[in-house]
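Taking the hints into account, I'd like the entire structure generated from these sequences.
Residue numbers (this note's numbering), protein chains in the order written: chain A, 135 to 508; chain B, 135 to 508.
One thing to keep in mind: the hints can contain errors.
For chains that are exact copies, the list does not tell them apart, and a pair is met inside one copy or across any two.
Heads up, simulated DSSO-like pairs for lysine-lysine below, C-alpha to C-alpha not over 27 angstroms straight-line [stated by the list, open to error]:
| hint | residue 1 | residue 2 |
| --- | --- | --- |
| 1 | LYS364 | LYS249 |
| 2 | LYS336 | LYS199 |
| 3 | LYS448 | LYS506 |
| 4 | LYS371 | LYS422 |
Don't read these hints as lab results, they were simulated from the structure.
Below are the chains, spelled out letter by letter.
There are 2 protein chains.
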Amino acid sequence: MITPWNISGSVDYAKFIKEFGIKRIDNLLKERLMKHVRELHYMLIRNYFFSHRDFNVALSDYENKRGFFLYTGRGPSGPMHIGHLVPLVFTKWLQEKFGVNLYIEITDDEKFLIKQDMKWDDTQKYSYENILDIIAVGFNPKKTFIFKDSEYIKNVYPLLLKVAKKITFSTAKAVFGFTDSSNIGIIHYPAYQVLPTFFEKKRCVIPAAIDQDPYWRIQRDVAESLGYYKTAAIHSKFLPPLSGIEGKMSSSFAETAIWFSDDEKNVRNKINKYAFSGGKANIEEHRKFGGNPDIDVSYQWLSIFFEPDDNKLKQIHNDYKSGKLLSGELKQILIEKINKFLSVHKEKREKAKNIINEFMYNSELAKEMWKKQF
Amino acid sequence: MITPWNISGSVDYAKFIKEFGIKRIDNLLKERLMKHVRELHYMLIRNYFFSHRDFNVALSDYENKRGFFLYTGRGPSGPMHIGHLVPLVFTKWLQEKFGVNLYIEITDDEKFLIKQDMKWDDTQKYSYENILDIIAVGFNPKKTFIFKDSEYIKNVYPLLLKVAKKITFSTAKAVFGFTDSSNIGIIHYPAYQVLPTFFEKKRCVIPAAIDQDPYWRIQRDVAESLGYYKTAAIHSKFLPPLSGIEGKMSSSFAETAIWFSDDEKNVRNKINKYAFSGGKANIEEHRKFGGNPDIDVSYQWLSIFFEPDDNKLKQIHNDYKSGKLLSGELKQILIEKINKFLSVHKEKREKAKNIINEFMYNSELAKEMWKKQF
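Set out below in structure tokens:
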């Protein structure tokens, strides 16, 4: 059973598509998208964003001038790692290309409720820290509203009740795997994650990892009876942990993730020590038989996030496969990319401190949202 | 199973005491109370308020100068009838005698969630109407804060999450009878009804009908681990419907309740037509054998609410039992009492419109509460 709190082991994405009743992002959809964006994002080209619900319908809405809006979120359970950032980078691209509003929900309530040992004050500290990392991605402050569930609750409570009234325990249990020992707060929480899909009377498009899809299934069950549109969604795969291409980079295994707080030395040591290699046992064999990029985490990370240039990536792929590029050299390429990225990110994150209030309270969009009562 | 949403048929109050593990309000407690209030309220003398949890401990707190505070509430599911008012009148007496703060929760969320056909706008309309009726009871505006759950949510959400995190579905199911078809909103709701017991760092005393006790059992399970006091409670019986002394006056049977909107004629007709009588089949038999006040709703209503004077009530009791007072005459006494009460209530209710904002937003206490973040 796949729930938002339970991903481990090998992930069969084809099975997701079948069991969730979602659609692969096929060439037809990519071509249609191309008309609007001119160049496809490399995460689409490389099928990291691989499936969707009604994204084609959202494109029709856009073509018909009704438009759509974007919504994504972050659970502030701790510091952020690179796996958290990947869908946000893609979201930023969508925002830029379509010029649409984006709502980012910081689910401080969810993380407090689901993590037995989490203290409330910690969720607040992490919320602030995480929002800085999110802003560093470069969203348009005029078109992006970032809110904490605990702060925005007053504006949404009546609508939250309307959503909650439509979801039975039976449904929540089936979709999220709740049991008798689940607390009544987390059982109620799914209503809040559904809610931002109703922030505008347009179709919502949600770029997020596939494990969040259960919420959107619920949303699509209740949306129309509440007078709103069924949401669209566009799903990413998971960024694999350093330890191997199966599973999902997880905060629970700190050493197999790259954190925004990691320094250069830290990154180098982690990649050299933990990044699962598709190379051969020794240089001679590697030169002779070549490496396997498909199972090599360093190569996969370059492909998913750190090498946007298709030609350069192809070169790396071929050199590695032919044995020309050694495992250590491949790791070195990744280390440099990560450290460059982190250095830029840290600068942007510092600057985010000056504009965090724009995103949360002071922009035109934020002010409008704080006046709204749903 | 007794839950806050399910009372019907004959009510065995002795069984409540045994099954809920609560205590009868005995003479010892009444004597102790007398030291502070000089005269006991007739609802105590006549055992309409009949049982309690830790009310003796709250009295100790009062004697030790730590003090306590009062909390009660109203679910705005429709207009109010006299049955809703009775515990409020007693609450007002406690507030006066002890000079303590009182918090009145208007559970607009609960009623919306539990009543399948209830519209949100109706809960808001009834909230306003009900609050006027509540204010008409005569609470001290300087010491009474009336709030709607939907409005006050922002101030309490983090504490609400802390409460909800401590209550498992298993507990909620056992206490409130939730099932797979319960919606996730109502499953979460008990946390909010528990919450106002934490408004002050003193012991809370809750005067309410016995069917609300399940919430206080939950409160007492979680309070100390959250750093608060276990609440005390003082329980009333139910005001019987006109149709007979069993059960509870209910909005679902409009004709067997007296509404604040009823006019004089209406009251006369209802009492004459529906008030179950303990009198005999005809005047001759009644004069000979007398009536039975124990099953006579008119007499019971006088006893519970409309005839505070013990001597007068005793006279009525004896005259009725001896056959001197006829059923029609007894009904006439009640009709006059009700109509006098309603006429005064309507005046007070009109005046309440001018001070509703005091209770909800503008008094010192209200302003302090709106500044608090729990």
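Compare the structure with the hints numbered earlier in the document and write down the numbers of the violated ones, lowest to highest.
3 and 4
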